[in-house]
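J.: Protein chains in written order, with the numbering used here: chain A, 12 to 395; chain B, 7 to 544; chain C, 3 to 315; chain D, 14 to 322; chain E, 2 to 349.
Just so you know, these hints were derived from the structure itself, not from any lab. Beta carbons: idealized from backbone N, C-alpha and C, even for Gly. Careful: at least some of the hints might be erroneous.
Claimed, not checked - Between beta-carbon pairs, the in silico distance windows are:
{"id": "1", "chain 1": "A", "residue 1": "E252", "chain 2": "D", "residue 2": "I115", "range": "57 to 67 Å"}
{"id": "2", "chain 1": "B", "residue 1": "E192", "chain 2": "A", "residue 2": "S152", "range": "54 to 64 Å"}
{"id": "3", "chain 1": "D", "residue 1": "Q75", "chain 2": "B", "residue 2": "E427", "range": "15 to 25 Å"}
{"id": "4", "chain 1": "A", "residue 1": "E233", "chain 2": "E", "residue 2": "E145", "range": "35 to 45 Å"}
{"id": "5", "chain 1": "A", "residue 1": "P307", "chain 2": "C", "residue 2": "T271", "range": "48 to 58 Å"}
{"id": "6", "chain 1": "B", "residue 1": "E192", "chain 2": "D", "residue 2": "K170", "range": "49 to 59 Å"}
{"id": "7", "chain 1": "B", "residue 1": "E343", "chain 2": "A", "residue 2": "E252", "range": "44 to 54 Å"}
{"id": "8", "chain 1": "C", "residue 1": "N208", "chain 2": "A", "residue 2": "E233", "range": "53 to 63 Å"}
Stated by the list, open to error - Only pairs whose alpha carbons sit at most 20 Å apart, straight line, appear in this in silico SDA-like list of lysine to any residue:
{"id": "9", "chain 1": "A", "residue 1": "K291", "chain 2": "C", "residue 2": "K87"}
{"id": "10", "chain 1": "C", "residue 1": "K112", "chain 2": "A", "residue 2": "D47"}
{"id": "11", "chain 1": "D", "residue 1": "K233", "chain 2": "E", "residue 2": "N124"}
{"id": "12", "chain 1": "E", "residue 1": "K200", "chain 2": "C", "residue 2": "S259"}
{"id": "13", "chain 1": "D", "residue 1": "K233", "chain 2": "E", "residue 2": "E3"}
{"id": "14", "chain 1": "A", "residue 1": "K303", "chain 2": "C", "residue 2": "L65"}
{"id": "15", "chain 1": "C", "residue 1": "K41", "chain 2": "C", "residue 2": "T27"}
{"id": "16", "chain 1": "E", "residue 1": "K324", "chain 2": "A", "residue 2": "E28"}
{"id": "17", "chain 1": "A", "residue 1": "K280", "chain 2": "C", "residue 2": "I261"}
{"id": "18", "chain 1": "E", "residue 1": "K34", "chain 2": "E", "residue 2": "E3"}
{"id": "19", "chain 1": "E", "residue 1": "K342", "chain 2": "C", "residue 2": "R270"}
{"id": "20", "chain 1": "B", "residue 1": "K419", "chain 2": "D", "residue 2": "L43"}
{"id": "21", "chain 1": "E", "residue 1": "K344", "chain 2": "E", "residue 2": "I202"}
{"id": "22", "chain 1": "B", "residue 1": "K419", "chain 2": "A", "residue 2": "K280"}
{"id": "23", "chain 1": "A", "residue 1": "K291", "chain 2": "C", "residue 2": "D102"}
{"id": "24", "chain 1": "C", "residue 1": "K78", "chain 2": "C", "residue 2": "E13"}
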Amino acid sequence: MEKHKQEPSADWFERVERDEEKAQEISRPSRTFFQDAVRVLFKNVPAMIALISLILIILMGFFGSSFSSYGPNEQALERSNLTPKIPVLENISWLNVNGMESSVYEHVTAEQAQANAEVRFGDDSEFVTYTVLSEGDGSPSSGQVRADYDRYAAAGMEDEYFYFGTDRLGRDLWTRAWEGTKVSLYIAFLAAAIDLVVGVAYGGISGYYGGRVDNYMMRFLEILMGIPNLVVVILMIIILEPGIISIAIALAITGWTGMARVIRGEVLKLKGQEYVMAAKTIGVPDRKIIAKHLIPNVMGLIIINTMFTIPSAIFFEAFLSFIGLGLQAPEASLGTLVNDGFKALTTTPHVLVFPAVIISIIMISFNVLADGLRDSFDPKMRDR
Amino acid sequence: ACSGNSESGGESAEGEEGQASGDQVVDISISDEIPSMDPSLVTDQHGMQWTGETYEGLYRTGEEGDPVEGIAMDHETSEDGLTWTFNLREDAEWENGDPVTANDFVYAWQRAVDPDTASEYGPYMMAGVIDNATEVSEGEMDVEELGVEAVDDYTLEVTLDKVTPYFESLTTFPTFLPLNESFVEEQGENFALEAENTLSNGPFKMTEWSHGESMKFEKNDTYWDADTVQLSEINAQVVKETSTGVNLFETGELDRVSISAEYVDQYSTEQSFRTIEEPSVFFLKMNQSNDGPLANENVRKAIAQSIDKEGLADTILNDGSFPANGLVPENFVTSPESDEGFREANGDLLPTDKEAAQEAWAAALEELGTDTVEIEMLGDDTDKAQNINAYFKNQLEENLEGLTLNVKSVPFKERLRLSDEMDYELSVSGWSPDFVDANSFMNMFVTDGGYNQMGYSNEEYDALIEEAAGDSADDPQARWDAFLEAEKILVEEDAAIAPLYQRSTAYLWNPALQGVYYNAAGHDFEYKWAYVDEEAAE
Amino acid sequence: MIEDQREKLVEVKNLKQHFKTGRKTIVKAIDGLTFEIYKGETFGLVGESGCGKSTTGRSIIRLYEATDGEVLFKGKNVQGKKNKKDLKDFNRQMQMIFQDPYSSLNPRMKVLDIVAEGLDVHGLVNSKEERKNRVYELLETVGLNKQHASRYPHEFSGGQRQRLGIARALAVDPEFIIADEPISALDVSIQAQVVNLLKKLQKEKNLTYLFIAHDLSMVKYISDRIGVMYFGNLVELADSEELYKNPLHPYTKSLLSAIPLPDPDHERTRKRIQYDPEAYGSNENRSFQEVKPGHWVLCNEEELAEYQGAALT
Amino acid sequence: MARYILQRIIYMAITLFIIATISFFLMKFLPGTPLSAQERLSEVQQQIILEKYGLNDPVPIQYLNYIWNLMQGDLGISFQYDNRSVASILETRIGPSFQLGIQSLIVGSILGTLLGIVSAIYHNGFMDRISTFIAVIGTSIPSFIFAGLLQYFVGVKLGWLPVATWGGFEYSILPTIALMIFPMATCARFMRTEMLEVMGQDYITTARAKGANQTSVVFKHGIRNALIPLVTILGPLAVGLLTGTLVIEQIFAVPGIGEQFVSSVMTNDFPVIMGTTLFFAFFFVLVVLIIDILYGIIDPRIRISGGDR
Amino acid sequence: MEKILEVKNLSVSFNTHDGEVQAVRDISFDLHKGETLAIVGESGSGKSVTTKALMKLLPEPQGFIKNGEIMFENEDIVKKNEKQMQKVRGKDLAMIFQDPMTSLNPTMKVGTQVMEGLIRHRNMNKQQAREKAIEILKLVKIPEPEIRMKQYPHQFSGGMRQRVMIAIALACDPKILIADEPTTALDVTIQAQILDIMKDIQAETNTSIIFITHDLGVVANIADRVAVMYAGKIIEIGTVDELFYNPKHPYTWGLLGSMPTLDSSEEELFAIPGTPPDLLYPPKGDAFAPRNEFALKIDYEEQPPMFKVSDTHYAATWLMDPKAPAISPPPSVQKRMQADKAKKGVLK
Ligand SMILES: Nc1ncnc2c1ncn2[C@@H]1O[C@H](COP(=O)(O)OP(=O)(O)OP(=O)(O)O)[C@@H](O)[C@H]1O
Ligand SMILES: Nc1ncnc2c1ncn2[C@@H]1O[C@H](COP(=O)(O)OP(=O)(O)OP(=O)(O)O)[C@@H](O)[C@H]1O
Ligand SMILES: [Mg+2]
Ligand SMILES: [Mg+2]
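This is chain A alone, in the form it adopts within the complex (with noise of 0.2 Å):
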């Protein structure tokens, strides 16, 4: 059928001895199945974003508050509600962070609306520009002023830059996001940490023993998720008194559920592969089956659970600060922090903001983190 251009020479028509070692070589070079995990997931640019997002938060947690001279619970009422000043940024006015604070006074003239404003502003007048928007005509709220107020000046600290603002208290808010940040991985981290390793445990034994053993801790676990985690958090919180540990401990406590099913599904599963028989087979006990066979097999399972266990033990913590039952004052933690900025949307929003962008970037980061380790450990995905 087909022609080959140019006639091969005739001594390349010799016999070759066939090398039994080369036909069995493996063309591949060696990677292990976490190396190809990983490297699956350092091309996966979403995830990577996230990775590097939460590798920066987590650092700010650490060293966020050394970049400020305030410590988290250093108050001064003097400087109370500063609104953000970022040096640099300061100068781009749309971004809103030059520690101005800007207000609209209406009334039926402009004029009107700039004495009304001046009452409001009594003393510190002086540190007030005042930009007329629309002269009015008489009628309700047709005259405009802005009033831009220099909170630092007022202050009386023009050269002070507090990048995320200060609360009522005078508290300097950057420290306290980063603190907040600290406390509130920590939390997570806890908790998942907790989480993992009981039920890790608890799946491991129910599946592997299988049988009547599975049977009863199944039954148990589902009367333990027949009580609403919500009602058992709460409950844990008030026994053991709001902190840091107990919270941990109350999110702990109805969080392993899930793992452990997880787990149990997987080492279910996994006890009837052929490779756990033949460790069987060969006499290998059911302690060393479980912890190198199962184990490092369900290892993929587990990070990814791990990774959406601490976003929503975060969330948790966000929520139970929301009911009141958060940290102690003058504890941060970004749930407090997003609930002491919630009441002030309207009036302070640089309060709620900054830590609430915190809380998001985490949150996200870490879910889109979880999707592309569970893309990357799973070879279906991988051939995809």
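Given chain A, put chains B, C, D and E with the ligands in place with the hints provided.
T.: Chains B, C, D and E with the ligands in isolation, oriented as in the chain A frame:
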């Protein structure tokens, strides 16, 4: 001696009389569901508020803060001041048409004191005031023995235990409201559990009660003074989140909502912004019962003097509250001889003085023989309280070197429980008077007093209070002096408590809502004379 | 008779294995199985999917606790309670090669550790060095090389994995190996590699095999004797040549007639024999009988006579 | 089927009994009595009150009484609301929570499912990105922030819907939206994964080989199979809504059971806490039962074999 | 015979994380009306990918046709878009898959699945479709088709499911039936039934069949012509007799030799050592070279062209080159060739 000074509803209501115009419907928010509408059982602010509006007692607190005609038209007091005879009006009716008679009072009061009713306020308000109340409440005497008697349908005779100058003011309190015996007995367990299980004789009647959600009070046409009542409907909506309340106010769904510090800055220049000063005083309770550092007077003095109350009131509370330098609030009671208020008379006791505080602290440390002290402070867990707690921690730790203050924030009920068991060191507490008399504050701290709860005991103080209640009860000036003296001992000499601030509440208040009066004791707001003047809002 | 002179290595007696699958439902995976395996032979087990071949293998090696009956290995009962030492001993002497080359190797372990696991458990090596060398040796035995020791299973092809499985089984120097469909998941071109290897090993180490498969031509090629299973029971057992030349049980006949052979001419002329279990009736009054020396069939008296007649001709 | 359900109901009862027992003894550990303001009460009164709540009996007797009453549907009397029975408190509060919960579960899961399907159809396309983004945001931002923003912008600024409180249907819209974001996002994420999984199955290739077009492949063959696993997460989602309602009810001033629960916790109202816990647990086991039945309806493989999974 | 399908220089690749997998590399073959073409070759040699490419059912977006033409009734399938393909699939080209357990929708009634194609391609209403479906199910020997129509796949045994799959594929009288290892998951006895059914049906409808398998026994049973694939290429193609009795490619030798025949004796099987190449890194020369006992130097340098053996028989191995040294096939293959010669000789 019922000289109260109740703040009138608002500046705009003062001066010229407004005219009712537009729909006479008012929507307000309350922060919690009412636990009870049974006058004998109410304990909370909202319950008292609405029993106060749906019932009419012997007297009602009037516009000027003094008792005005209620079911009683007037009364006579016997020579010895122990027998009070009230003449009741004959035209007063219950919602169901039954006349309001002296027997309704006898029944209600006996019911309140009866231990089976398990009323908290019944024995508390009546014991030591009405003859035999203590014995009845302890189950030692029959309820019939209580010193109250219906001479005839419209004459009520009350025998007091001892001379009680403020008894007239007491009669406005919910526990002293009448009850329709046949109705209450008929309802049995269900009495006052739902709107249809209540029976009103006051300016308003409860017509709807959606638990946890809202209540509706409509004008009670059978009320003897119905002509005066202008509002046709009051709706009380349960709103727990301040922001939600503000949003509802913004959209016109509420006519009045209380706001937190955060919103004050935003609304302080608005026409609808209003603060109402209350005779509620907040102070640090210092538990002296155990051998903790607070048993040391210098520690207490140091703590009391080192908090910047000015900043607390102006920046953190930011709702019109102001520093308190004494136990008895400002604008509460005045001297029997002049218009001078209690506060002015007694001056600032133990005001903020950081230097003095540090001196006291140094002395205290020396006495204790240590240079680090750890104290736990009990506080509420509301958002406002959390801020206050954090502030105190900072203030105290900054000013008093070597002090570590551990904050423990707990729900209100839990704080009460811990106080009860004296399981605390420092506690941020507040007190609102139950009747308009300095004694409502002062009798708290006598040795083993019900609310002492901190092991404070000073014989001199006890003697002064005893004297005011007993020997000099009918000598107003002597009483007055005794209270002044006692307060000095309590606050200045012993630093048993550290007064913090007197509370005001900031409201967004629809300017159209007028004629609402604030009461110093009993129920907070009086709507009998309230009206909506849409024109005033413009 | 010839059999008597050979040593019985494994004796399966009336073995039953029932699984509870639901509250009430029981799957009788094997139901009263009896046969022997002699030392040094390859015993082939064939039958359709789900007839209980794997279950038989697994019960023999104690992966399942038998419902009833016994399995004697070198005269000792394998089933029932055992002390640790006996178990270990037993584990050394009997090994298994699995069907699925993908799920039979732990994906998270290096080949070195997979193969050495048996050595570790039974304390067969004393030093790291020795362990490594022993593994290299084993790898070479199965036609792989040293380099492979540091790799992970997923890097190997099916045939190579199957050889790893064999190396793992060989590590403890067993006498008896159960090969559960060791080639059915392999490519045609690879199957021969594994079969050749198994044969070579048998010769070198005097191994005894229980070879389970459903590919009859391969089973015939490798086995000395073959048992045909149908629904948890043996229906026929004979020397392999005998079985192919002279199948007696209708199921065996049907099975043999269904095997497609790589010979177009043969295929064009083949006649299939259908087996209709309903027509055949239940096994209630049938028992496993020796029709002629070494040829057993599940039959009743009537059939026995008929079969014996057929066997004679 | 009937036998199966009966068996499940018995099982439910046992679960509830155990939960009741656990919560009873848990409560006994906690400090606090109905005597909220002890100092005002005389000794006699205190005794009378304790008697009323049966707290004078030894704990085992109290327990037996509690269980006995429970079996008769009597959950006791609230500590906080004088003379009010726990049952009547729950009764008035269940309605709004139930409405919010059901609405947001239904709307959320349907929208989420659709998003997930869209995602799977336009795998890696623009629509996929958008819906994945929505899904991630939805699971990442606390619901109370959504609630606050919705209330302020839609309620106050735009004035389209009531800001808060409880009334007709329109009052339930904003809280429903705030509450449904999480289930929606979860369903979307889950559905996307499941759909992708299903779309890779052999029978989908079979369907395509028959010449079926994309719509028919997705809707006739894909969705149903992807829905089967989705059903399993509806249980946890439904229960998870409890957490949401708690906050959403507070923000939107809805008189629901979640809000009641928080305030009972704050006031140590143990009978109500226990009653609510039991109610929540009952709700949970009920949801699980419903889901199992639903499972059978959607998946013919389970339907026939009688539900023993 | 009339050509119904012509595949020319078809190449199919996949994009994976590790790079491009060249699953099918430049293959050409054609299919005649009414014939059965078997494609054999080991796992991963590209059999399924080839057929999926014919149907344009390659997994999106990784799989793509890199090159080549697929001429079906004078139209190039490669150029058709999805809409046009939907008209072709099921109607002209139908497909049966390997695993009957997973190839049927578990949540849809069997009848509906059979009827789906009828309604789509034949514009039948439900009633007509149902009748037709029952007819086809009868054809594939499903007992009581009326009842079975209303059941779900899990209520069917594996063999029955595969018959349902065949019914689905046959529903619209396709011109070409592609069967991708339709019997691999089945027992030999059931496999034999399925093969019989397929042969019967083909005799009846004169459909062309592309039958994929790696079981040479099955090939011998069903095929008219055979294509042998290795590492993405067709390395030998010819009639079934040519391939079984006169194989030319060493790989074909290996395949044939590795199967024991029932009458073979103790000798060792002819095994091909080593493993197939990784298509991520396809070798420069003949992909089979490293495993080839008879490899020549040139095998490592250049890919062999298709050498013509007869009009119908081609093989891609340098051994066919005139310059190549003469080589005798392994004994088992020789035995085959001789047996055949003997037979033919007898005939002559
Ligand atoms: N662990 C188990 N639990 C329940 N049933 C089982 C179990 N193992 C096997 N079975 C059932 O026992 C029967 C025999 O299974 P077995 O695996 O022994 O068959 P097999 O002959 O090896 O089949 P195949 O050729 O498919 O491997 C089957 O019906 C199977 O479903
Ligand atoms: N979706 C995919 N992504 C990447 N590579 C693929 C994909 N599908 C198939 N391949 C590759 O294409 C090559 C040919 O696969 P194909 O499925 O055609 O083999 P086959 O001959 O049908 O094998 P089998 O007998 O196992 O079915 C294989 O090397 C495989 O790795
Ligand atoms: Mg098997
Ligand atoms: Mg294939």
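J.: Compare the structure with each hint and give your call.
T.: Hints, verified against the model:
{"no.": "1", "hint": "A:E252 x D:I115: 57 to 67 Å", "in the structure": "violated, 36 Å"}
{"no.": "2", "hint": "B:E192 x A:S152: 54 to 64 Å", "in the structure": "holds, 56 Å"}
{"no.": "3", "hint": "D:Q75 x B:E427: 15 to 25 Å", "in the structure": "holds, 22 Å"}
{"no.": "4", "hint": "A:E233 x E:E145: 35 to 45 Å", "in the structure": "holds, 42 Å"}
{"no.": "5", "hint": "A:P307 x C:T271: 48 to 58 Å", "in the structure": "holds, 55 Å"}
{"no.": "6", "hint": "B:E192 x D:K170: 49 to 59 Å", "in the structure": "holds, 52 Å"}
{"no.": "7", "hint": "B:E343 x A:E252: 44 to 54 Å", "in the structure": "holds, 52 Å"}
{"no.": "8", "hint": "C:N208 x A:E233: 53 to 63 Å", "in the structure": "holds, 54 Å"}
{"no.": "9", "hint": "A:K291 x C:K87", "in the structure": "holds, 15 Å"}
{"no.": "10", "hint": "C:K112 x A:D47", "in the structure": "holds, 15 Å"}
{"no.": "11", "hint": "D:K233 x E:N124", "in the structure": "holds, 18 Å"}
{"no.": "12", "hint": "E:K200 x C:S259", "in the structure": "holds, 17 Å"}
{"no.": "13", "hint": "D:K233 x E:E3", "in the structure": "violated, 38 Å"}
{"no.": "14", "hint": "A:K303 x C:L65", "in the structure": "holds, 19 Å"}
{"no.": "15", "hint": "C:K41 x C:T27", "in the structure": "violated, 38 Å"}
{"no.": "16", "hint": "E:K324 x A:E28", "in the structure": "holds, 18 Å"}
{"no.": "17", "hint": "A:K280 x C:I261", "in the structure": "violated, 34 Å"}
{"no.": "18", "hint": "E:K34 x E:E3", "in the structure": "holds, 6 Å"}
{"no.": "19", "hint": "E:K342 x C:R270", "in the structure": "holds, 17 Å"}
{"no.": "20", "hint": "B:K419 x D:L43", "in the structure": "holds, 13 Å"}
{"no.": "21", "hint": "E:K344 x E:I202", "in the structure": "violated, 30 Å"}
{"no.": "22", "hint": "B:K419 x A:K280", "in the structure": "violated, 51 Å"}
{"no.": "23", "hint": "A:K291 x C:D102", "in the structure": "holds, 16 Å"}
{"no.": "24", "hint": "C:K78 x C:E13", "in the structure": "holds, 9 Å"}
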